[in-house]
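Peer 1: Mind docking chain L on chain R? Use the hints.
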Amino acid sequence: MPDVKVPRRRVTRRTFVKAGVTAGAAAVLTSRKSTVQAQQPPAPPAEPVLCGTTPPVSPATTPFVDTLPVPSPAIPQFLVPFPTEQANIAGGEAARADHQRWLEFFPNILYQMEAKAAVHSFHSNLLPSYLWAFNGKYPAPTPLNYYGLPTLVRFKNNLPVATTSFGRNEITVHLHNGHTGSESDGFAGDFFGTSLFKDNHYANAYAGIDEFGGNGDQREAMRTFWFHDHRAAFTANNNYLGLNGMYIVYDENDPGHELPIGDTLRLPCYYGITDIPLILTDKRFCAAGNGRNELFQVVGAGAPGGDKWVVNGKIQPRMTVRRRKYRFRILNTGPVKTWALSLIKPDGTQADMTVVAVDANFLEHPFVLNNGPLTVFVASRYDVIIDFGAFPAGTQLYLKEATAQNVGVATPDPAPGLPIGNVLMRFDVVNREFWFPPDTPPVPGTLCQMPDPLVPDASFEWTFKLVTGRFLINDLEFDANRVDHVVLKGSTEEWTLANDVAAGNWTHPVHIHFEEGRIQSRRVRVSQNPDVFQNVPLTFDELGRRDVYPLPPQHRVVLRMRFRDFVGRYLIHCHNMNHEDAFMMVRWDIVETMEELSTKRREIDRRRLQAGLPPQYKGGLV
Amino acid sequence: MNRRELFSNFRPVWVPDEPIASCGSELYPNAVLQTHDGRSVRFYDDLLKGKQVVINMMYANCESLCSTVTSSLVKVHDALKARMGRDLHMYSISIKPEEDTPAALKSFAEMHNALLPGWTFLTGDAYDIDTIRFRLFRMNHIKLDTDLNSHTAMLRIINETTNTWTCVPPLASLYTVLQHISWADPPKSLEERLEDNKRLQQQIDKEVRQYGYRKIV
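Respectively, the protein sequence lines represent chains R and L.
Okay, so the first sequence: first residue is 151 according to this note's numbering, each after it adds one.
Okay, so the second sequence: first residue is 10 according to this note's numbering, each after it adds one.
FYI, nobody ran anything at the bench for these hints, they're computed from the structure.
Since the model is a prediction, treat every value here as computed from it, not as a measurement.
Among these hints, one or two may not hold up.
[What the hints assert, rightly or not] Pair by pair, the computed Cβ-Cβ distance ranges are: (1) L/Tyr-136 with R/Pro-523: 40 to 46 Å; (2) L/Ser-198 with R/Leu-260: 29 to 35 Å; (3) R/Leu-604 with L/Ala-91: 50 to 56 Å; (4) L/Arg-48 with R/Glu-742: 55 to 61 Å.
[As the list claims (entries may be wrong)] Not the full set, but computed from the structure, chain L residues with beta-carbon under 10 Å of chain R: (5) Met-163; (6) Asn-172; (7) Ala-181; (8) Lys-197.
In this text, a Cβ means the ideal position worked out from N, Cα and C, and glycines have one as well.
Isolated chain R, as found in the complex (with noise of 0.2 Å):
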């Protein structure tokens, strides 16, 4: 393994040039598309006529006609007008507190994402779909980039003023999981309207800056992040229609480049030609007779979840892969289902994936995945290295999802014991071409150096509730407006959440803003006692940090987490869209001072005191 120096310093011309060099590279290999789509004109899409109300089935779609696409490297321009420190109000910006650390991480790279109407066609046998994309694009274009230069993000609000759709033209732009200020973290309550643009400011900068200085502990890297809506009670909408993308940061151990260069794990690493996204969805269509296949609105309890499984914006691709490894980026975009992936051989039989990251995070250790499969709840993020190379050229690979969707032309099962309806991709394995890099050294048997364990100061217990239809978290529905628990800067915390609602219901993935947390134990309530828990051995991906942590009816989960950097208004939520929308959500801040700490829990105290709730700060407001 790579040796980890702390602290690490922020930029050098070295490092720069690098991330240079790999943007640039990336950016010339995969985004040939790009330049002709510039040239369609520019008028938006006519609204969309909506499916009605009963359930469509999607029209029939043939099995592996498209090819894999990649979503293009985003291209970083300069901005006018030039991004501030305060929210530029003449300028159009919406309203928000002062970016933190704005001078010590002003930020070098500038882009810009547009959200705004645009038609997206799912398969060759479709017709377009009328979705909200970033620049037009479903999936969005890929910010790439480096720990120590600080980005900065415009997003614009472009979408149409009046909507057929089932959308909302109002947006604020979550960076899952940013170790980010408040003002560009997304916050449920801060959305802001068309016409107007807000710059969300990402230091690109390790967790630890105060601790460690410069460029914080390098030993809190996190790699695959993405950025979706998350506009209170239409998240599941404005995703579901194709708000949402992939963000990418490199580093050293991680550079976005496969050469035998410094403190690198030689990973396949080349965006878009080793190192793919596959951003899962699943989506439902309806012939609107408008000339379209337009969505059908799958979100809200009741509704039925799509038939049909989409990677990357197309419907059952195949993807020309050659003779060496590979790693795939697996991100879940919601709005509900949880996929449960395997790769499977022509055989029958399930193939090797090497699972190096969860969350963001690199795993101490890698895990080969062959037994069974890989659990993806909405959100969550896995990095799985797949070694073509030990298939002969011609071979053709399978990726599976335990539900079938909806396919409609009748196909032979690829491989024994594997319907059509269960495929999600094919992968056609060809001999690698002299021009076509070389395969990467086996995966290192240790990724990454986890960072100190965190003694907490103090404790806290989150409990989920399903009461008379409601969903509650700690007694109390979601309000932006009111704060339920505070925490100090700097400080450590052990954070339980419970799930106490009753067995056989629904497992929740659990999304903390702005940390990883560390999982510590994990029980589950095991009789009709109250107290009677028994231990959960924790799994593979549980043992590094994770930022999602699915949460099975009964089961407490108890993890640390420290929060460092930044203030402001955080969330937590489950991340099942239809779920957070319906209020599952609750919001806590990081404050300054003890002053406004032991302010701020007297007034959370006295209010639910007024609610005829129970006191949360029992033994002392610290």
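Peer 2: Below, chain L without anything else, positioned relative to chain R:
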């Protein structure tokens, strides 16, 4: 729909937008309901069409939450007095229609000082009301929605003209309930929104000066 229809209706994507049309009675039941003052009204034609509405579910002899919710709705009504009965309406629909006659609803409203302009209490056929509940409150689980105790889960806020649906827990703070109702307001002009944006920034700056952090907004 057959394939020929699909293509005869084909329209290139760059045709300019048509005016926004509501999804209308396709989405909303149009059942006949009785108001607390004994009138017969159609749910879609008379109560929803062209209006912004706040809907909750209740029944007259409900002891615990209905009263709390109704009294918090009285405060909401007070805050939005100027618009009530004009472009904004409040409907309380009985989920025990067999028991709740118009007269029973009227006395419930009197008891809670809720006989106010623009606020209508409704009862009707049980099947119709179940249909309305399911259509309007489908954010909730179907099974839960047939549970008599689950009716207080949400206030449903609909603006039929702009096809906006949203909801809010009725026991949230008045500030929050009004904010959620305003999410369904008719679209504002860009000038108005820029003005609102400026005001919001002033409020943020003021709170940061006063408390050192953003308190409410």
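Peer 1: Could you tell me which of the hints above the structure violates, numbers in ascending order?
Peer 2: none
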